[in-house]
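With chain W held as given, fit chain G onto it using these hints.
For reference, the chains in residue letters:
2 protein chains.
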Amino acid sequence: MTSTSHRAAPRRSRRAGRPGADEPDLRQLLLDTAIAQFARVGIGATSLRAIATAADVTPAMLHYYFGDKARLTQALIDERLLPALAALRAQLELAGDDPAVLIEGFVRGLGEVVAQHPWLPPLWAREVLCEGGALREVMLQQRGPSIPQMLAQRFAKAQAEGRLNAALDPRLLVVSLVGLTLFPVASAPVWQQLFGAQDLGADALREHTFALLRGGAGVTIPGGAR
Amino acid sequence: MTSTSHRAAPRRSRRAGRPGADEPDLRQLLLDTAIAQFARVGIGATSLRAIATAADVTPAMLHYYFGDKARLTQALIDERLLPALAALRAQLELAGDDPAVLIEGFVRGLGEVVAQHPWLPPLWAREVLCEGGALREVMLQQRGPSIPQMLAQRFAKAQAEGRLNAALDPRLLVVSLVGLTLFPVASAPVWQQLFGAQDLGADALREHTFALLRGGAGVTIPGGAR
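Residue numbers (my numbering), protein chains in the order written: chain W, 13 to 238; chain G, 13 to 238.
Just chain W, same shape as in the assembly (with noise of 0.2 Å):
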């Protein structure tokens, strides 16, 4: 289920009181609201009234569902966050050992998890890839070998044998595909605009990205230690 079903529902009249029997996603539909807000200014700005007033319910009802924001914020994590990422991570681990596959299905994956959930890559930004984010701990920390780790694994054996680009370094590949895929769609909103490019969307990253990782620029670059 993507968050956009439940963005789609209808808004009702401000809510109060215990939720009845006839509104069984409203805590689905506030878990949206909330991430939407954590997303557009951050979890440690965002105040649990702001989300009560853009869903349209009391903050009793907030309340009544998620507690306080620390709760609400590991809803976030255990409900949206690590689902999300543990599909991809099934997804690749089925892909098995070649390292074209394994790329692709990254790439690919990763497209089709911003596309189910768009919020991801700007809180990835603000609450990961910056200092003191709120979920920075939880990327660390997850149980089990996270993606980057396994993709490292399966790289640096690849071309242990030969299959992947010798010069490359297995672990700065994984940096180098999230540069790749996550990043361009988190700083989507300044280079879209920069380069008055609103044309540019999913698809033609995608294929763009493919062609880099295929080929590189297809220029031969002078480099070497300077």
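Worth flagging that the hints you see were computed from the coordinates, not collected in a lab.
Heads up, a few of these hints could be off.
Copies of the same chain look alike in the list, so a pair counts if it fits in one copy or across any two.
Below are the SDA-like pairs computed for lysine to any residue, each with C-alpha atoms no more than 20 Å apart in a straight line [unchecked claim]:
no.: 1; residue 1: K169; residue 2: L212
no.: 2; residue 1: K169; residue 2: A209
no.: 3; residue 1: K169; residue 2: V231
no.: 4; residue 1: K169; residue 2: A127
Computed from a prediction, not measured in an experiment: that's the story for all the values here.
Here is chain G on its own, set in the frame of chain W:
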């Protein structure tokens, strides 16, 4: 002059009143201190009082040099941010039309800029990349063609002349270059911890990036729209 030289200045006891002739560098030191705080917690979250405390001066002294936070932010823009970018732009303008030379010049030049100004990547992540960032408009409204626009135009020309991988988008190549240079430095605290890779420094990143831009991942990605 790099910010490092200011940071290395010996700390003295808490300063009060107007500066004497023996403190010509105090204004620069205060600006360095402010920028370090801005980079760490964000411009919005930094108080003048916190900067004064960190610089071991009175708030009155900070006010004497910079007035309010808006003028302090303007000093950061005019005296540090735009000069750092202008130096890179001047270097790239001299690089001419050869995309290989342009790409190498950008990767190498940006590496030098962030080595000289370690506050730049975290400040860029928080204040340009994140929505509502205090420096986003500055980046979008720079007078004259910006570095990204200049690069995109030259890449488009090179591609039209058959000197650049025809499957790339010239504008997205600029985004890719930022994602392969500035983004990895801004995210280094995350991936260095994730991979236990404190050994991977600026030289390793640059050589990896050159290798990727030269020949891609060295794999045949199935690719194509699905």
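The hints, checked one at a time:
no.: 1; hint: K169 - L212; verdict: between (35 Å within a copy, 19 Å between copies)
no.: 2; hint: K169 - A209; verdict: between (39 Å within a copy, 17 Å between copies)
no.: 3; hint: K169 - V231; verdict: between (28 Å within a copy, 14 Å between copies)
no.: 4; hint: K169 - A127; verdict: neither (31 Å within a copy, 32 Å between copies)
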